[in-house]
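With the hints as your guide, set chain U onto chain V.
Residue numbers (my numbering), protein chains in the order written: chain V, 9 to 224; chain U, 9 to 224.
Because the hints were derived from the structure by calculation, they are not lab data. Bear in mind that the values here come from a model prediction, so they are computed numbers and not experimental data.
Note that identical chains are pooled: a pair holds if it fits in a single copy or bridges any two copies.
Listed below are the simulated BS3-like cross-link pairs for lysine-lysine, each with C-alpha atoms no more than 27 Å apart in a straight line:
no., residue 1, residue 2
1, 107, 139
2, 119, 139
3, 74, 53
4, 53, 64
5, 135, 119
6, 119, 107
7, 107, 135
8, 64, 74
Number of protein chains: 2
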Amino acid sequence: MNSQACSAVKRIADSTVRRLSVYLRFLEGSTSRGQSTISSEELAKHGGTTSAQVRKDLSFFGSFGKRGLGYAVPELTESLREILGLQRQWNVVIVGAGKIGTALAQYHGFKSRGFNVVAVYDTDARKIGSKWEGHVVRDVASITSDLGERPAEIAVLAVPADVAQAAVDRLVSAGIRAILNFAPVQLQVPGDVALRSVNMAMELESLSFELTNRDR
Amino acid sequence: MNSQACSAVKRIADSTVRRLSVYLRFLEGSTSRGQSTISSEELAKHGGTTSAQVRKDLSFFGSFGKRGLGYAVPELTESLREILGLQRQWNVVIVGAGKIGTALAQYHGFKSRGFNVVAVYDTDARKIGSKWEGHVVRDVASITSDLGERPAEIAVLAVPADVAQAAVDRLVSAGIRAILNFAPVQLQVPGDVALRSVNMAMELESLSFELTNRDR
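Bound-form chain V, shown alone (with noise of 0.2 Å):
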């Protein structure tokens, strides 16, 4: 990877940074049907977008691949996962074990991918104490203390709308960097902390948006 190109990553869209998910999906699909290289029309074609995107969205990061020879396989693998900060573990908190933050919990997809759930929380008493998905359901007022003895950078937040800011502030102060919000309600947070937010109900909400007002 090239250095240069790192300084300039800030800049890069949230819809590069997603096809470049897919990209790294579709290449470790690659891998085990054991195919060595791939072109940028592949990479195109399962990311649902053109060859000189592929080659765009590379290029932030590096020089990658040869003209007539498309990329290798692993050497692409490997600085995909580079580039999206998938090579380390990352400690995740879910906060909420409710309906939403159980089946979160169960998602093989995270630990797959070096996402670990290290420790859930909850206001309710009658959750606290309880075993939930291999954890004990702790008090959300204890995690100040429990990420100063085992820190986690992320926070999956399945909490109802009106508790879901005052959740944020404390995990904030807590040391919580990014947090994935499925509450649904906009939060604030200093710009330092990294926030992405899924909720349910809003994506059938623009579907209805659309399905009504192509039908004017």
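Just chain U now, with coordinates in the frame of chain V:
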């Protein structure tokens, strides 16, 4: 609502539609708190944006509110529901009776906004015929005839990546017009089918990317 504005709706950005959903949620809360008017500043604060952006977002759809008086909560609530297509019920099928499908079927945020799960499908012979969240799991092979009898507009796709495109092709030919995809793969749909994808592992990878490249 101004009908001239509606003809321009196709150019509305996803980010605008998402904010409309956020405003609507806050307005519904305002209604239950007995508040009769609301300012663009209040909406902006809860939508994580500026009052100018609130006014711009709403201006796409007509003329709302009065300078210095703000917006009438009941009227703006009704208008946003109309804009988002939430004044009707949408029939939803869930394809894939696994863990994510389970969490989604139980998610009361869907039903309360008019998204009715009418059927659940799987390809696993051990699941077909079993009771699942109040539905009998049906064979995905029967989806075309089922939708002929009881139409549905939206499919939630929670199947493994390697069978997702085949499932989408089947859904589209059976008449589904909008798909919310949870499979970790890029899907191809005809231009008249709306598609949104949610990929939990890729959301975490975006956070990992941000954390990694910020540290360099």
